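Could you slot chain B onto chain A? The hints should help.
Chains as they are written, first to last, in the numbering used here: chain A, 370 to 602; chain B, 12 to 517.
Warning: the hint list may mix true and false statements.
Here are some chain B residues the structure puts well away from chain A; computed CB gaps all over 12 Å [claimed, not checked]:
1) 39
2) 251
3) 254
4) 283
5) 300
6) 406
7) 417
8) 463
Derived, one-sided and incomplete: chain A residues facing chain B with beta-carbon distance under 8 Å [said to hold, decoys possible]:
9) 395
10) 400
11) 403
12) 447
13) 570
14) 572
15) 586
16) 589
By construction, these hints were calculated from the structure, which means they are not laboratory data. For clarity, every value in this text was computed on a predicted model and none was experimentally measured. Note that beta-carbon positions come from the ideal geometry of N, C-alpha and C, so glycine has one too.
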Amino acid sequence: MRESAARDGGTHAATRASSRRAAIATLAVGGLALALALTLTLSRASVRRTGTNDVTLAGVVETLRGAHRLCQDGELLPAGTAAVELTGVGRRRPELSVEALDAATGAPLATGASDAWRDDSRLTVRLHPAVGRERAVRVCVALRAPRAGTSAALYGEPAAGARSATDAGQRLGGRIRLDYVRGAPSSWASFAPTVLARLGRAHALSGSAVALLAGLLMLLTTALAAWLLVRTS
Amino acid sequence: MAAGAHELTRARVAAPQGGRPRGLLARVPLAAWACALVAILNAAAWSLLTPPFAVPDEQSHYAYAEYLAEHGRPPVPAAEDLYSASQTVALRDLRFEATRFVPANVGVWTAFEQARLQADLRTHRERAGGNGGAKAVGGEPPLYYALQTIPYRLAGGTVLDRLALMRLASALLAGVTVLFSFLFLRELLPGVPWAWTVGALGVALQPLFAFVSGGVNSDALLYAAAAALLCGLARALRRGLTPALAVAIGSATAIALLTKYNALGLLPGVALALVAVGLRQEGALRARALRLPALALAVALAPMLLAMALDVTLWHRPAIGASSSEFALRADIRPTLLGGLSYAWQFYAIPLPGMEAPLGPLPFWEAWIEGFVGLFGWVETEWRPWVYQLALVPLAAVLALAGRALLARRDALRRRRLELLVYALLAGSFMLFVAGASYVVHLRTHANVAQARYLLPLLPLWGALLALAARGAGRRWAPVVGSAIVVLALAHDVFAQLLVVSRYYA
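The following block holds chain A by itself, in its conformation from the complex (with noise of 0.2 Å):
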């Protein structure tokens, strides 16, 4: 009886190891495949944004035909940025120029032109130079050279007095919508400093403590579901 007990609680602790063993290879594929998952994640290259003027996609604002040059006021150009990303249609592959001028003095920071703008509807415009710190701007576009049929309609959303962008002095009754971006694609990896540092923006706590807790805080879920899940095996 007793050989019996000792035999069955032998076979139960070898089960039991077995599972063990069981579920730590399934957690280290697993985590192996997360761990690879995250990594082709983080490294994809893209275009990253520095910031937008929250304009919405309502409508066209203005349709820029031969010396048309929208201007609109209140704008903030984030450090770090090296292009502006219009939204609207071209016709007949127009070119663009924008500037960027000083809010307060009116002196030109950056200029930009375009290449032709093809089907896509975004267009992007390089600036020169970067934009090094954050500056208050005032942004007009206008076709680099206007050839005849050639057009750009630009969207954005109804804004009235102040708000509203200008051509010839006269209000558009609207704004367009303008994003801001940094200037050749980069990986998340390499976005991270600028990424953890957005995160430490409008919250409680400020700086990179936001990024870091929150990072410590999920390595104490996987390590805690994982250890909890072998010991229960």
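Below, chain B alone, put in the same frame as chain A:
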């Protein structure tokens, strides 16, 4: 995985006699506490990553708690939401209106915006104005908000300081939900302790649950109360109804009813379950069989009736706040039974040939599959379509394995058919209530307000499905499948967090 209890899944001390709270707590396995801790840590991480007021209706829930803390009474429903000066300024500087519903817009990214936000938060400290989210949530019962006045007061400081601590209080409730989910699974599958951990961790790491519980939203308390309720019912079904258990079930129901009116959808299922258990216990239809069910229902309803009396007499609110909201049945709409049934069918399935399809061709996919797999922020932060399609593979595997587990134990299933019926009734009545409320709103506004979070009070049943799936893999593969389920749940959670980070900060 080995059968038989392990030290982590066993009670830490010998079960004491009686049902005193300390004795009850000591009988909770260590693994249950650890699963609860996983849920709290995870929801706390979500609370840090999600920008302020980016959880649905969070601004209104915060306003309600603020109003209750400042005025000592709940708000009165009104036609619009008005916020206190401190919250108005915070919402403005956070670009709340520009960013919600618009994935292309972002929050506070620049140093200038941050400096302005901090200066404004310091300057504008008025908190007594506003009407407490009167339109969106002003008619809801006050329990969750009463709890939230504690962290609101403790935090002091600015709106963001208070919101952060209130979010952590919600994260604690995520722990309560998972604790009761674990105990529910213990009653449901008493012979397989490791499966309790698999199911409870699956619940703890469900991203939508963690996202909502990481925000200020009364759903967090409703989830916890519903999990406690399911646990109590499972215990009653397995071990019989005692007076203490009847009081516990009634208390859990009362907490749910005092938290959110959606809990009314649980009531028919609870009542039927209690009556069924009472009848089974007595073995015949006698008045005595209804004694304990009546006790449970009295405990469940008494606090709500008291709150309704206070609403009418002291607080000058409608007896049922929902009667003043867009969910109310008033003369401006004409609901029909057939229309309601057709709507409810389409709400959870697909339109049948010949049915009018007011919700579009496949509402089920967007609301429930996409919603459960992950729609975050103001339901505008979503993955690419292929992610949702890919998610069908593990979902189908879980269903198949759970089905296999049930098929393999057909005999046991027959013996426990009353339990199955009770869970089906509870889930069915709740889902019908959610569909009914949505039908009323649809008649009034032609909008589909369905969100997967409304069904998360049934989350312990999802945990049961996961536990069954691990069991369905068979004795040999169970450790592998159980671990794989948890790893997948963790991967789902981590990538959901990255999605939110990329939406708001990149």
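Results of checking the hints against the structure:
Separation of residue 39 of chain B from chain A is adequate, the least Cβ-Cβ distance of about 14 Å exceeding the 12 Å criterion. Chain A leaves residue 251 of chain B outside its interface by the beta-carbon criterion, the shortest separation being 28 Å against a cut-off of 12 Å. Listed as outside the interface, residue 254 of chain B is consistent with that label: its C-beta sits roughly 33 Å from the nearest C-beta of chain A, beyond the 12 Å cut-off. The Cβ of residue 283 of chain B sits about 34 Å from the closest Cβ of chain A, beyond the 12 Å cut-off, so the non-interface label holds.
Separation of residue 300 of chain B from chain A is adequate, the least Cβ-Cβ distance of about 39 Å exceeding the 12 Å criterion. Against the 12 Å criterion, residue 406 of chain B stays outside the reach of chain A, whose nearest CB is about 18 Å from its own CB. The claim that residue 417 of chain B lies off the interface holds: its Cβ sits roughly 22 Å from the closest Cβ of chain A, which is beyond the 12 Å cut-off. Separation of residue 463 of chain B from chain A is adequate, the least Cβ-Cβ distance of about 22 Å exceeding the 12 Å criterion.
Below 8 Å, beta-carbon pairs count as interface contacts, and residue 395 of chain A has one with chain B at about 4 Å; its hint therefore holds. A hinted interface residue such as residue 400 of chain A counts as satisfied when its beta carbon comes closer than 8 Å to some beta carbon of chain B; here the least separation is about 7 Å, so the hint holds. Residue-level restraint check for residue 403 of chain A holds (minimum Cβ-Cβ distance to chain B is 5 Å; threshold 8 Å). Interface hint at residue 447 of chain A: satisfied, since its Cβ lies 5 Å from the closest Cβ of chain B, which is below the 8 Å cut-off.
The criterion of a C-beta within 8 Å of any C-beta in chain B is met by residue 570 of chain A, whose closest approach is roughly 4 Å, and the hint holds. With its C-beta approaching chain B no nearer than about 6 Å, residue 572 of chain A sits inside the 8 Å limit, and its interface hint holds. Here the hint on residue 586 of chain A is kept, as its CB sits about 4 Å from the closest CB of chain B, short of 8 Å. Evaluation of the residue 589 of chain A hint against chain B yields a held restraint, the C-beta minimum of about 5 Å falling below 8 Å.
In summary, this structure violates none of the numbered hints.
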